[in-house]
Amino acid sequence: MTEPPNDGLDRARLDAGLTHSELWLRYFGLGGMSTALQVEAFCYGVLRPSAHDHDVVAHALNERFVELGGNHPVAYSDIERMDP
Amino acid sequence: MPGDRDTSPPDQVLERIAAIPAGHDVVDGCLRLVVALTQASVEGADGVSVSLQRHGRLTTVAATDQTILDMDARQYATGEGPCVDASVEGHWFHAESLDHETRWPTFTPKAKRLGINAILSNPLVAENGPVGALNIYSRTAAAFSPKERALASTFASEASILLRVGGVDVSDRRLSERLGAALRNRHIIAQAEGVVMEREGISEEEAYTSLRVISQRDGRPLAERAADVVDSTRRTRSGLPAPKKTGP
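Residue numbers (our numbering), protein chains in the order written: chain A, 15 to 98; chain B, -6 to 241.
A hint or two may mislead.
[What the hints assert, rightly or not] Here are some chain B residues the structure puts well away from chain A; computed CB gaps all over 10 Å:
1) 34
2) 67
3) 154
[What the hints assert, rightly or not] Label-pair distances were calculated between CB atoms; the ranges are:
4) A/83 - B/135: 50 to 58 Å
5) B/212 - A/49: 26 to 34 Å
6) A/81 - B/105: 35 to 43 Å
7) A/28 - B/60: 25 to 33 Å
Hints are computed from structural coordinates only; laboratory data are not their basis.
Ideal placement from N, C-alpha and C gives every residue a C-beta, glycine not left out.
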């Protein structure tokens, strides 16, 4: 796996209309193990998530985008960029 | 102190504060600032507080002094008063003069004994409805002119934005429902990971990735796809035909 692309997570969170606590709850529901504060730090790029953690956050965001009628715009660690 | 004051209109100050990413401590700190700004800005405001729903009941998270804390506490205890009604009903309540107030017969005499003569409560409204109130108390009857009432409403609106930005938009009951759903999802995903690990002879992380890729491909939530995987093993054990295979 390549390095997780952790830039832009907070931009995606804002575009998805999720608060930090809502994002964490979704991340937690997908099996994420990091705390709410850690996930917030991932979003801001203050803390670098593992590739797996990045992908769980990305998937939490992407599931929200699907609910909003979109696709999977947030890139996963093993894919350069998905088409929006 | 005079001379050191930010000369921006209070609503602009609050908009800037609302842009700060906030946790609960930050939200409470901002609400204390809202209370101070409201008292400084609304003419006739002798005391101000913010009530919020926490752990299923109203509680005061910021107040200018002990008398105001007592005022709020008496409303919570009697279940009456503009603060309680604004928090529950989601619109403002104005007791212009407690001498002529009849809506809260148990609470009003207690307020008057503490020297309060007028109260203005504006609701704090988060995403899912009212969650509290911004309460302004005056010792002077008819203290709040239409202009002051409009200013108070602006403060309450901006404080509501703070609450939404801070994520204070989920009642305790709703939060516990959502946590319950999150735990069920975690459980079903963990079960499906186990099934895929056994079937494919791969690691836990690889199994998760496999499920996630399928969820992504089908545009269906991961927990739903995980439930399909777990369900397929039940069908196999019971001898039922497996549904058409679309994933691991």
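Numbers of the earlier hints that this structure fails to satisfy, in rising order:
6, 7
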